[in-house]
Amino acid sequence: MNTRRSPPMTLWLWICFAFLYFPILSLIIYSFNVSKLVTVWAGFSTQSYATLWKNRQILEAALLSVQIGLATATLAVVFGTLLALCLTRLGRFRGRSLLGGLASAPLVMPEVITGLSLLLLFVSLEKTFGWPKRGALTIVIAHTTFAMAYVAVIVQSRLSAMSVALEEAAQDLGAHPPAVFFQITLPLIAPALVAGWLLAFTLSLDDLVIASFVSGPGASTLPMVIYSKVRLGLSPEVNALASLLILLVALGVTVVGLLLGQKSRDHRVVPGVEVKKVDGRLDDDRRPPIG
Amino acid sequence: MKSRDWLRSHGRALVIVVPALWLGIFFLMPFLNVLKISLAEQVIAQPPYSPLFYFSESGDWHFKVSLDNYRDLFNDDLYIAAFLNSTRIAFISAVICLLIGYPMAYGIMRTTPSWRNPLLMLVALPFWTSFLLRVYAWIGILNNTGILNNALLACGFIDRPLVIMKTEVAIYIGIVYSYLPFVVLPVYSTLEKMDTTLLEAAADLGARPFAAFLKITLPLSWPGILAGFSLVFIPALGEFVIPDLLGGSDTLMLGHVLWDEFFANRAWPIASAVAIVMLLMVLGLLVLQNKVNRPPPQA
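Protein chains in written order, with this note's numbering: chain A, 891 to 1181; chain B, 1321 to 1619.
So that you can see chain A by itself, here it is in the shape it has in the complex (with noise of 0.2 Å):
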């Protein structure tokens, strides 16, 4: 296709890319805001920066989900790289395209029948066998249901794109699986799992549907907390709290690029987002995780 850029093309462009951008640009510069009423502009203060630090609330249910989140990116890597393994290295079997449905089917489930579905399961769990309690642990579970698909969907497209003659030559030089896995396919896939890692750390983070409803009493997570805050209208330290995540995500994704840069140049677009060529479709676990 030819590149030349045409005028209104270009324009276009950086039309969708403010609308983009305005918003989080507007939460930024309204933190630093003097007035309370955070529309009105009167001048530069870090107050609501300092608000922020003093409220307990916002800083308990941040390390509450900072906990769940790490917990569930790093159980969501383990089961969504097997999951991964399944769907790509182990052949046929009975029940794949059962367990590559079930694999999926989390990306597009809507949140509030994720969440509904499991806090009734986990209820009656709990009605016949006393476990688990409703709180941190019922999160991330949840979490780590929907998370590992998107793991599974990354480490899917990392194992399928690279080529198993590696694998296939340590095992024929005598190597049992489980070695071939650790010393050739992990290695490999490393970035796959970092990027997956993050994005399940992300996603765990940012949920707030699915924690309300499997969340106990006494159990809220940073989303539950800006919620019930935004709810009842603008807050100065909410735009505070957003700049600093915002700076976070920032930085992080700068670093993960910087590092996967490295590694792979040709089709990455974003961490743990790929867009490349595969056999002339779009195919429902091939394409960029995202949904």
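Simulated from the structure, these hints should not be mistaken for lab results. Using N, Cα and C, we set each Cβ at its ideal position, and we do this for glycine too. Hints should not be assumed to be uniformly reliable.
[Claimed, not checked] Over the 12 Å line for every Cβ pair with chain A, so calculated as not near, a few chain B residues: (1) Leu1387; (2) Leu1525; (3) Gly1526.
[Unchecked claim] Straight-line Cα separation of at most 20 Å, PhoX-like style, residue types lysine-lysine; simulated pairs: (4) B/Lys1535 <-> B/Lys1513; (5) A/Lys1119 <-> A/Lys944; (6) B/Lys1486 <-> A/Lys1119; (7) B/Lys1356 <-> A/Lys1017; (8) B/Lys1356 <-> B/Lys1384.
[What the hints assert, rightly or not] If we take Cβ atoms under 7 Å as the criterion, some of the chain A residues that face chain B in the derived model are: (9) Leu903; (10) Phe969; (11) Leu972; (12) Leu973; (13) Leu989; (14) Leu992; (15) Ile1003; (16) Leu1008; (17) Leu1011; (18) Thr1035; (19) Val1099; (20) Ala1132; (21) Leu1135; (22) Val1143.
Model the placement of chain B on the given structure of chain A, informed by the hints.
Chain B only, in chain A's frame:
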């Protein structure tokens, strides 16, 4: 080394069983459970629904299924309105997303190659920041005293603030803003895969660029369009946060109804029935998408 032998003979099964078991218990089973509860009756108890199987005092098995929840669902104006609102809003949002996102993906495709990846990264980047906070940002922009109204008033374009917050327009803005990357990325990836010699052939045969676009590029990007459409339509159908924060109380959507039935009314069976109906809609759309995508269009 006994454990090693065991791992060798059972390793393959273990790799399959662990994730399969997890998904079975925490993804498949919950839906069966929801289906079960949607067929139960609302009772004042803990948990607030009747059992499907139970022993009566005489020791007999009883099995009771009730379709009352579904009947209520289809007879109550509130649910029908929520159902229609959700479908309409999700459909229109998905179409707007395509109208904005397709040219965007096309534009990125046509920039110089060194610009493509950074631009795509810029498209996906907002996805990594908090969804809730990005929706919150729009409250500050769209409010009567918000950034947009202040700017328009200051420039003299309007005399009094536009009322956008708490209307359906605000919901569209919120959904389109949040889900735009979901359209741009799949559309881009089909455009990227396209065989460009087809366009050259069309040009050689005398087709104008626009005609070539309509006859070649657009049909070939159909899978991307469809994927983008359902990636917006499906989550928008059950969207809760955006209509709750930006929309008015008069625009009820399914996600909101489900949330209220569950949390405010403790009506678990009816909430489950709403979930099952939504689930069927989602599954229907996915089956449709699969049918259109297979056999793959020859590029």
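We went through each hint and held it up to the structure:
1. Leu1387: holds (19 Å)
2. Leu1525: holds (17 Å)
3. Gly1526: The claim holds: B/Gly1526 sits with its nearest Cβ about 17 Å from chain A, beyond 12 Å.
4. B/Lys1535 <-> B/Lys1513: Roughly 17 Å between the alpha carbons, so the hint for B/Lys1535 and B/Lys1513 holds.
5. A/Lys1119 <-> A/Lys944: Since the Cα atoms of A/Lys1119 and A/Lys944 sit roughly 16 Å apart, the hinted pair holds (cutoff 20 Å).
6. B/Lys1486 <-> A/Lys1119: Holds, at about 17 Å.
7. B/Lys1356 <-> A/Lys1017: holds (16 Å)
8. B/Lys1356 <-> B/Lys1384: holds (11 Å)
9. Leu903: Cβ of A/Leu903 sits 5 Å from chain B, so the hint holds.
10. Phe969: Given a least distance of 5 Å, the restraint on A/Phe969 holds.
11. Leu972: Hint on A/Leu972: holds, closest Cβ of chain B at ~5 Å, below 7 Å.
12. Leu973: holds (4 Å)
13. Leu989: Cβ of A/Leu989 sits 6 Å from chain B, so the hint holds.
14. Leu992: Hint on A/Leu992: holds, closest Cβ of chain B at ~4 Å, below 7 Å.
15. Ile1003: holds (5 Å)
16. Leu1008: holds (5 Å)
17. Leu1011: This hint holds: A/Leu1011 lies near chain B, its Cβ roughly 4 Å from the closest one there, short of 7 Å.
18. Thr1035: holds (4 Å)
19. Val1099: holds (6 Å)
20. Ala1132: Holds, because the Cβ-Cβ distance from A/Ala1132 to chain B comes to roughly 4 Å (cut-off 7 Å).
21. Leu1135: Because about 6 Å separates A/Leu1135 from the closest Cβ in chain B, which is inside the 7 Å limit, the hint holds.
22. Val1143: Holds: closest Cβ of chain B sits about 6 Å from A/Val1143, inside 7 Å.
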